[in-house]
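Please model the complete structure; the sequences and the hints are all you need to start from.
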Amino acid sequence: MVEIELIQSILVYGAISGGMYALLALGFTLIYGVSDVINLAHGSLFMIGTYIFFVLATPYGGIQIGLLPALILAAIFVAVIGAVTFRLTVHPVIGDPLSIMVVTISFAMIIQESMVLGFGSYRQPVPSLAEGLATIWGVKVTYSKILAFVASLALFAILMTFVTKTKIGRAMRAVSQDREVAMLMGINTEMLYLLTMGISASLAAVAGMLITSSTAGVTYPHIWPQQLYLSFAVVILGGLGSIKGSLVGAFIISYVENTFVFAIDPIIADILNLPVGGSLSGAVIMATMLLVILVRPKGLFGKRVELEE
Amino acid sequence: MVTGYFRRAYSSFVAHVLDIPPRLLALLLFLLLLSFPIVNPPSSTLLILTTASLLAIFAASWDLLVGRTGQISLGHALFFGIGTYATGLLSYHLNWPIWVTIPLSVLVGFLAAVLIGFPCLRVKGHYLALVTMAFPIILIGLILYFKNITRGDAGIWGLPKFFPFLPYKQQFIAEYYFTLLLLFASGIILYKIANSKTGMVMVSILDDELASKACGVNITKYKLMAFAISGIFASLAGSVNAHLLQVANLASLRVTLSFMVIVWTIFGGLGTIYGPIVGVYILQVLDQYVLTKIVDVPTPWRIIIYSAIVIVFVLKWPRGLARFVTDKQEDLEEARDIDERGPRIWRTYKKKEKK
Chain H
223 MVEIELIQSI LVYGAISGGM YALLALGFTL IYGVSDVINL AHGSLFMIGT
273 YIFFVLATPY GGIQIGLLPA LILAAIFVAV IGAVTFRLTV HPVIGDPLSI
323 MVVTISFAMI IQESMVLGFG SYRQPVPSLA EGLATIWGVK VTYSKILAFV
373 ASLALFAILM TFVTKTKIGR AMRAVSQDRE VAMLMGINTE MLYLLTMGIS
423 ASLAAVAGML ITSSTAGVTY PHIWPQQLYL SFAVVILGGL GSIKGSLVGA
473 FIISYVENTF VFAIDPIIAD ILNLPVGGSL SGAVIMATML LVILVRPKGL
523 FGKRVELEE
Chain R
120 MVTGYFRRAY SSFVAHVLDI PPRLLALLLF LLLLSFPIVN PPSSTLLILT
170 TASLLAIFAA SWDLLVGRTG QISLGHALFF GIGTYATGLL SYHLNWPIWV
220 TIPLSVLVGF LAAVLIGFPC LRVKGHYLAL VTMAFPIILI GLILYFKNIT
270 RGDAGIWGLP KFFPFLPYKQ QFIAEYYFTL LLLFASGIIL YKIANSKTGM
320 VMVSILDDEL ASKACGVNIT KYKLMAFAIS GIFASLAGSV NAHLLQVANL
370 ASLRVTLSFM VIVWTIFGGL GTIYGPIVGV YILQVLDQYV LTKIVDVPTP
420 WRIIIYSAIV IVFVLKWPRG LARFVTDKQE DLEEARDIDE RGPRIWRTYK
470 KKEKK
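Which chain is which? The protein sequence lines are H and R, in order. The first sequence begins at 223 in this note's numbering and counts up by one. The second sequence begins at 120 in this note's numbering and counts up by one.
Don't read these hints as lab results, they were simulated from the structure. Careful, some of the hints might be misleading.
To be verified - Derived contacts from chain H toward chain R, CB cut-off under 8 Å, selection only: (1) Pro-314; (2) Ile-316; (3) Tyr-365.
As the list claims (entries may be wrong) - Computed cross-link-like contacts, SDA-like style, restricted to lysine to any residue with a CA-CA straight-line distance of at most 20 Å: (4) R:Lys-266 x H:Gln-399; (5) H:Lys-389 x H:Gln-399; (6) R:Lys-412 x R:Phe-155; (7) R:Lys-243 x H:Lys-389; (8) R:Lys-243 x H:Pro-319; (9) R:Lys-266 x H:Gly-504; (10) H:Lys-466 x H:Ala-373; (11) R:Lys-243 x H:Val-517; (12) H:Lys-389 x H:Ile-409; (13) R:Lys-435 x H:Asp-492; (14) R:Lys-243 x H:Leu-512; (15) R:Lys-266 x H:Pro-488; (16) R:Lys-447 x R:Ser-131; (17) R:Lys-435 x H:Leu-310; (18) R:Lys-340 x R:Lys-447; (19) R:Lys-266 x H:Asp-492; (20) R:Lys-280 x R:Lys-266; (21) H:Lys-389 x H:Leu-406; (22) R:Lys-266 x H:Ala-491; (23) R:Lys-266 x H:Lys-389; (24) R:Lys-332 x R:Val-322; (25) R:Lys-243 x H:Ala-373; (26) R:Lys-243 x H:Arg-309; (27) R:Lys-435 x R:Lys-447; (28) R:Lys-266 x H:Ser-503; (29) R:Lys-243 x H:Ala-491; (30) R:Lys-243 x H:Ser-501; (31) R:Lys-340 x R:Thr-317.
None of the values given here were measured: they were computed from a predicted structure. Idealized CB from N, CA, C, for every residue including glycine.
What follows is the structure, given as structure tokens:
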């Protein structure tokens with residue numbers, strides 16, 4: 223009986239965190255697909271979102287405007303920050319991957335230290351979206367987690383429709399397939415970059431608010447590298463620039479992580495006579511990603527272009 | 120009239136000072152650093168420069184990998200950390216002396232680089248960059264997991280010092296010279312490799328992998344070679360750094376180290392080897408000395424100012440400091456072909472050589 227409960231909790235928790243990881247990676251893969259930019263500040267945009275949510279939705283700032291307005295305002299604000307910094311710093315060096323890395327990492331450091339200046343380097347509470355526990359398939363899950371999962375999948379579906387059905391979405395896919403030809407067809411790539419960066423940043427912020435409020439419930443300035451690495455792993459696994467890939471990659475990663483944490487880690491710890499700890503879960507995620515990359519060097523759904531030009 | 124005088128003074132400054140190849144400027148910096156302890160600086164200032172020398176070796180090793188073969192590594196702190204932990208574990212568990220642990224940890228770094236180079240041959244470009252960052256995370260996870268061997272978060276303290284027989288103050292000076300000579304030696308070796316036939320073949324891989332494959336270049340061999348050389352020097356820097364600070368902990372694998380090496384190299388000039396070395400010195404002195412000791416701003420502001428300076432610099436001169444100087448020099452030589460006035464020290468020297 224214990225075994226069945228274990229499998230149930232792996233399935234339920236894996237699905238929930240998979241949905242949230244997909245949302246986190248979606249922004250990263252979107253801006254890469256359209257403009258070939260590896261945005262190392264993606265984790266920082268995640269962090270700003272959580273901090274704005276913390277200020278607007280808790281008594282801290284003195285302006286408590288409710289959870290949903292706070293969430294939407296934070297997403298819009300982060301989108302503006304992302305687009306403006308993209309225009310000012312990344313756009314002049316676009317096409318040069320190393321300069322983009324330097325600029326985005328410096329920007330991430332600036333954000334991290336601004337948050338240390340503004341709020342201190344200790345942990346701040348992020349309000350939970352909903353109170354209470356529900357039982358799904360014999361596993362107890364907080365309402366907050368279910369809400370985050372549903373919201374993630376809904377946002378994912380909306381974005382999928384946006385990219386495949388609308389004119390702007392089609393322009394995005396055109397640019398990601400062939401930039402020069404898209405430009406010749408009259409697509410304003412500069413505006414498209416800004417728009418995509420805005421969407422990507424707000425997705426990072428929303429993912430940040432959903433993930434932090436439904437899991438640990440805290441945020442701190444040094445939270446970003448972990449989230450950045452997680453989105454790296456998901457995106458690489460699914461294939462850079464592929465939206466479908468990021469969904470599949472997120473679920474693979476989250477199931478591997480949950481299987482390891484629930485089932486394998488205790489067994490290894492028992493054999494090696496070590497205390498059970500989550501310290502290996504990051505390593506397991508990365509090892510999974512490496513294994514997939516060894517078999518398929520462009521990820522599961524990546525563009526398979528062998529000969530350039 | 121006054122402006123004319125200034126203009127002439129400026130042009131003569133440009134012709135006299137900037138008309139030196141950047142290689143000589145780097146050599147001049149080395150001589151300056153060599154004579155630095157004469158002014159009797161405090162030990163903390165010396166330590167900043169000592170660490171900068173080791174980070175410069177690290178940055179130069181990254182530059183050989185990325186600037187020559189174009190294999191972007193976002194997890195280069197792995198080799199630094201491997202050097203640190205190899206030397207730390209050997210001296211903590213086996214009590215081996217310093218002159219055994221450092222060569223052995225360099226060997227471990229070499230083996231790790233070859234081992235990691237193999238899977239990295241399969242991936243290219245952005246995929247490679249994002250795949251390499253996985254390795255330090257895996258190593259951090261393993262170190263934290265096997266606490267009983269690696270001492271986990273706490274780190275291994277009390278590694279032997281380089282010159283325990285010297286008095287306290289002299290130790291800093293001796294270590295300063297030791298790392299400076301180490302930097303000079305590894306800088307020259309890396310520069311020679313980068314500009315040898317091997318280095319040129321590596322550049323051909325960076326320019327067009329398919330074309331160089333078609334010309335019969337063994338790409339696997341050269342890519343692995345770049346990884347191995349890079350791993351050797353990065354783990355050397357890591358192991359010396361561990362003995363210098365007498366500690367091997369997770370700070371040697373930190374995220375910022377992997378990212379900062381990109382900042383230093385791009386700031387200095389990618390693919391030049393001496394550029395990153397100069398870049399590390401300038402940025403480390405700016406960060407640790409100017410913004411800490413002279414201006415004394417609080418830490419968050421220090422990092423904000425530092426990052427803002429880096430962003431502005433990279434946007435203005437994306438080719439880096441060394442390339443900026445070489446470009447200036449080429450402009451000057453071009454201008455001199457048209458206008459033959461002004462001093463021609465460098466030129467006459469070249470002409471004499473030809474005879």
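A quick look at each hint next to the structure:
1. Pro-314: holds, 5 Å
2. Ile-316: violated, 11 Å
3. Tyr-365: violated, 32 Å
4. R:Lys-266 x H:Gln-399: Violated, at about 48 Å.
5. H:Lys-389 x H:Gln-399: holds, 15 Å
6. R:Lys-412 x R:Phe-155: Distance of about 18 Å is within 20 Å: holds.
7. R:Lys-243 x H:Lys-389: violated, 33 Å
8. R:Lys-243 x H:Pro-319: holds, 13 Å
9. R:Lys-266 x H:Gly-504: With Cα atoms ~16 Å apart, Lys-266 of chain R and Gly-504 of chain H stay inside 20 Å; holds.
10. H:Lys-466 x H:Ala-373: holds, 18 Å
11. R:Lys-243 x H:Val-517: holds, 14 Å
12. H:Lys-389 x H:Ile-409: Given pair Lys-389 of chain H, Ile-409 of chain H holds - Cα atoms ~11 Å apart, limit 20 Å.
13. R:Lys-435 x H:Asp-492: Violated, at roughly 57 Å.
14. R:Lys-243 x H:Leu-512: holds, 14 Å
15. R:Lys-266 x H:Pro-488: holds, 16 Å
16. R:Lys-447 x R:Ser-131: Status holds; Cα separation ~14 Å.
17. R:Lys-435 x H:Leu-310: holds, 12 Å
18. R:Lys-340 x R:Lys-447: violated, 36 Å
19. R:Lys-266 x H:Asp-492: Holds. Lys-266 of chain R to Asp-492 of chain H sits at ~15 Å (cutoff 20 Å).
20. R:Lys-280 x R:Lys-266: violated, 24 Å
21. H:Lys-389 x H:Leu-406: holds, 16 Å
22. R:Lys-266 x H:Ala-491: holds, 12 Å
23. R:Lys-266 x H:Lys-389: Roughly 55 Å between the alpha carbons, so the hint for Lys-266 of chain R and Lys-389 of chain H is violated.
24. R:Lys-332 x R:Val-322: holds, 13 Å
25. R:Lys-243 x H:Ala-373: violated, 35 Å
26. R:Lys-243 x H:Arg-309: violated, 28 Å
27. R:Lys-435 x R:Lys-447: Holds, at about 15 Å.
28. R:Lys-266 x H:Ser-503: holds, 15 Å
29. R:Lys-243 x H:Ala-491: Violated, because 36 Å separates the two Cα atoms, which is more than 20 Å.
30. R:Lys-243 x H:Ser-501: violated, 29 Å
31. R:Lys-340 x R:Thr-317: holds, 11 Å
Consistency note: the structure conflicts with the earlier hints numbered 2, 3, 4, 7, 13, 18, 20, 23, 25, 26, 29 and 30.
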